[in-house]
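Novice: If you read the protein sequences in the order shown, they are chains A and B.
Following numbering that gives the first Met the number 0, the numbering of the first sequence begins with 0 at its first residue and continues without gaps.
Following numbering that gives the first Met the number 0, the numbering of the second sequence begins with 0 at its first residue and continues without gaps.
It cannot be assumed that every hint is accurate.
Note that identical chains are pooled: a pair holds if it fits in a single copy or bridges any two copies.
Under the rule of at most 16 Å between Cα atoms (straight-line distance), these lysine to aspartate or glutamate pairs were calculated in the EDC-like manner [unchecked claim]: (1) 455 to 393; (2) 484 to 281; (3) 407 to 209; (4) 437 to 408; (5) 426 to 62; (6) 183 to 422; (7) 98 to 322; (8) 198 to 135; (9) 57 to 439; (10) 98 to 265; (11) 8 to 447; (12) 57 to 322; (13) 57 to 317; (14) 35 to 422; (15) 121 to 194.
Keep in mind that the hints were calculated from the coordinates and are not lab data.
Number of protein chains: 2
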Amino acid sequence: MLKDFEMKKKEDKDALNVEIKELQTRLLQQQQLLVKEKLPVIVLIEGWAAAGKGSLIKELISEIDPRFYHVVSPTVIPESEERYPFLYQYIKTIPVNGKITFMDSGWMENVVRKYLRHEITKAEYRRRMRQINEFERQLRDGGYLVLKVFLHISREEQYSRLHDLAESPQTEWRVNREDLWQYKEYKRFVAAYDEFMEKTHHTIGWQVLDGSRRKTAIRDALRLLVQKIDRGLEAGRYVGNTPDGEFPLRKMPKLSEVDLTPTIDDEEYKKELKKLQTRLSELHNIIYRRKIPVILCYEGWDAAGKGGNIRRLTYALDPRGFDVHPIASPLPHELNRHYLWRFWTRLPKTGHICIFDRTWYGRVMVERLEGFCGEKDWKRAYYEINEFERMLTDWGAVVLKFWIHVDKDTQLARFTDRQNTPEKQWKITDEDWRNREKWDQYEVAVDEMLQKTSTKNAPWFIIESNDKKYARIKTLRIIVKALEKACEKHFEQILE
Amino acid sequence: MLKDFEMKKKEDKDALNVEIKELQTRLLQQQQLLVKEKLPVIVLIEGWAAAGKGSLIKELISEIDPRFYHVVSPTVIPESEERYPFLYQYIKTIPVNGKITFMDSGWMENVVRKYLRHEITKAEYRRRMRQINEFERQLRDGGYLVLKVFLHISREEQYSRLHDLAESPQTEWRVNREDLWQYKEYKRFVAAYDEFMEKTHHTIGWQVLDGSRRKTAIRDALRLLVQKIDRGLEAGRYVGNTPDGEFPLRKMPKLSEVDLTPTIDDEEYKKELKKLQTRLSELHNIIYRRKIPVILCYEGWDAAGKGGNIRRLTYALDPRGFDVHPIASPLPHELNRHYLWRFWTRLPKTGHICIFDRTWYGRVMVERLEGFCGEKDWKRAYYEINEFERMLTDWGAVVLKFWIHVDKDTQLARFTDRQNTPEKQWKITDEDWRNREKWDQYEVAVDEMLQKTSTKNAPWFIIESNDKKYARIKTLRIIVKALEKACEKHFEQILE
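Okay, chain A solo, but in the shape it has when bound (with noise of 0.2 Å):
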């Protein structure tokens, strides 16, 4: 009898190692049919300590291509130390189209840590949670494949696996304060990580994963993401609907409504601009102690000023708080992510100041006027960039957005100008007549953008520029009202 049940488990053991190796060469030829799909793969390992997250990620691993996959081990940074929004670290290790990203641990651990830690309120922890959420679904419906794996162990497993690892003088230092932290808080850990899957289960699910039995949870892993591959494959790129829920608005007028003649005369101009700078300068430097981050986003007509109207305000600040971000069309290896992927990366820290130069909005634009994305893709959008904002503004940032506008006369007598100054001429390109041949395709577009994203927390603001001086002076106003209300505004969260 024993004798058999050896064999017979011998047997099984055989079984599961044929299988396992059958997967990790199926994986490996998965691989070249991404690259030519050029579908992005995410593979999310979380779990307990000493469950069996690396040496997983080893398996699954161990026959493909390092030219088309990347392990990443973010870190968990403590609150204090976190200068971006926590999902930062994140996003900035998307892999690009056909390849894919290992992680072992990611925004799980860190916002379960974090809130067992009281690092965080419960209400920042459920807002998080809504975070991942909606994060996690703008992946999926930009079209990457995502598999949530996570490694449970039973407290007296982990007990084990700690207890030996720490027995080894060879791999005694991987045995961490954190580790046998958890270990302690075991109940608390296990209560939080459930409500945590129960809450960001429903775009992608969670799959949890039996790690005290090391050979049964790399097949399981290596199934699932061989399964996961082969459906998105079948299926091709994925392409989400825009996804129902409102958000708050501000009533904005159509571009055609407003009154451009609004003038300054040069005296007051010389002296307000004079005046917002210095409070500026001043307001610059408390944003920087109170770690408040700003995000300044300009759009607007081709020759209505932005750039100008961006020195003028730069001006004020310090070189060393500040970035310009200029927008261009993307370069290949932006265009190969997820399309927020470039903006996402250049967010500031918080107490920067970062102004873009054109922006996000350029899908809901040229974007969309020029096809290089689909309908659903802009008109889904409106929606993934007012839920990108809400999350900046949630972080603390302040975010305006500045439409820089002039009428078609105006536009057309810069132009002329432009062409006919030898020194001027740099700025002035075919595009740019181009652009303006679709002057009232854009103007559609520009009042459907104005209408959808101009929330109460990242408002939009018409800055009249027939007069450029007039527009300076009104936008800076704009930015000096906003900042003295966040400096405010922080601070009363600091009383609190």
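Chain A is fixed; fit chain B onto it per the hints.
Specialist: Same frame as chain A, but now just chain B:
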């Protein structure tokens, strides 16, 4: 008399303001030409705390186009927390062709401060000055225009400025311990700055400006920059010659002299593989704890077996502690920077292993043969690469380079096999066949590369790979031996 004096003074001041304005406008015009001529510019502003570096930069950028410049303020990271070679953070921020990077203090402040804080030894201080000279020369030889400015103020002036800053509640936070410490240690700083500038003056000269006369300093800095750019534009992109100097080299055989017959039998292979992987896994732990960075470079003929070789290696490693960097043709944003930039930015942190699947040696192979760079460029590259690798080993890295070698017949057999096996077809491309036609030219280039870059500190190993299994075992043995030596050596250094 006094009235005349005052009038003269007023006139001088007005003239100064007019000249500054003119120079700022000139700089804006130059920006267009820089873009057109694809010339990159680096402006390094060093100087005393409170000397006005920030406000100088503000004036330099006040009129120019934010699309084509970038301001960075690298920080002095304490030596104990540096996880990369000290130049890493500066190299990261070098501009793409056509743009300007302004640095608000940089490698000078970093190195001098660490030396005066006794964080680095005198010997290390000297070594870093040498590395800085190498770095600056490489930038210049690669076509970068570099301006180095030092903003000088006296001890009395510094006292009064720090005092004023500290008195005002608006600015009081800007005076930090570091600044006060510098004031206290003014004499030691003078001596160190002086020595540093003398020793890093010969490739790119230092320009000392009088920080106590704000407007004059701005004018002078603008003049210097405008002049530098004018001359650069006039002369056209500079292409450097190979510098004089020698590196201690290991004697290498010619490829044609290598005996490719060695093999290993299956049983021994399995046994050895297991043994070496186990040992490597242990060593990876030690490397990680002792924070030794490891850089493994793979080059070789197409189909020589690089991929399989790398996989046998990585299988022994913890995926959290290594990265594989497959190197393909440079992307546009990489092509527009110094050719070593994309490798610098992929260096491992201390304690990590990184594996380059193809490397910077592309410069002296494919780029040489396909004419992707000029003759002077690839000829100079042997020297530059030796410097680059010396910088890595000086930093404490283990650098090993493998040429995975097969003969022409073996390659043909493997190509044919790939061609005829459906699941391997993706591995073979037209380019592989084209490269094969150039075998002889490549062999000349590889021989020259092996002769000129197998330094004592970063040696080449030719790996006979007609038998792939033999090749894997040989590579693993070399790595294990080198890591064992590094761990010992490192241990001795700690004991000293």
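Novice: Hint by hint, note whether the structure agrees.
Specialist: Verification of the hints:
1. Taking the shortest alpha-carbon separations for residue 455 and residue 393, only the intra-copy value of 12 Å comes in at or below 16 Å, while the best inter-copy value is 55 Å.
2. Only within a single protomer do residue 484 and residue 281 lie at most 16 Å apart by alpha-carbon distance; the minimum there is 14 Å, versus 57 Å between protomers.
3. In this assembly of identical chains, the alpha carbons of residue 407 and residue 209 never lie at most 16 Å apart, being 66 Å within a copy and 50 Å across copies at closest.
4. Taking the shortest Cα distances, residue 437 and residue 408 sit within 16 Å of each other inside one copy (14 Å), while across copies they are farther apart (61 Å).
5. In the homo-oligomer, the alpha carbons of residue 426 and residue 62 lie at most 16 Å apart only across protomers (15 Å), although the nearest pairing inside one protomer, at 53 Å, exceeds that limit.
6. In the homo-oligomer, the alpha carbons of residue 183 and residue 422 never lie at most 16 Å apart, since the shortest distance is 70 Å inside one protomer and 50 Å across protomers.
7. In this assembly of identical chains, the alpha carbons of residue 98 and residue 322 lie at most 16 Å apart only when taken from different copies (15 Å versus 31 Å within one copy).
8. Only within a single protomer do residue 198 and residue 135 lie at most 16 Å apart by alpha-carbon distance; the minimum there is 12 Å, versus 54 Å between protomers.
9. Taking the shortest Cα distances, residue 57 and residue 439 never come within 16 Å of each other, neither inside one copy (56 Å) nor across copies (39 Å).
10. In this assembly of identical chains, the alpha carbons of residue 98 and residue 265 never lie at most 16 Å apart, being 57 Å within a copy and 34 Å across copies at closest.
11. In the homo-oligomer, the alpha carbons of residue 8 and residue 447 never lie at most 16 Å apart, since the shortest distance is 66 Å inside one protomer and 58 Å across protomers.
12. When the C-alpha separation of residue 57 and residue 322 is checked against a cutoff of 16 Å, the pair qualifies only between copies, where the shortest distance is 12 Å, while the shortest distance within a copy is 40 Å.
13. Only between protomers do residue 57 and residue 317 lie at most 16 Å apart by alpha-carbon distance; the minimum there is 7 Å, versus 47 Å within a single protomer.
14. For the homomeric pair residue 35 and residue 422, the shortest alpha-carbon distance between copies (14 Å) is at most 16 Å, but the shortest distance inside one copy (47 Å) is not.
15. Proximity of residue 121 to residue 194 under the C-alpha cut-off of 16 Å is restricted to the intra-copy arrangement: shortest distance 12 Å within a copy versus 56 Å between copies.
Checked against the numbered hints given earlier, the structure breaks hints 3, 6, 9, 10 and 11 and satisfies all the rest.
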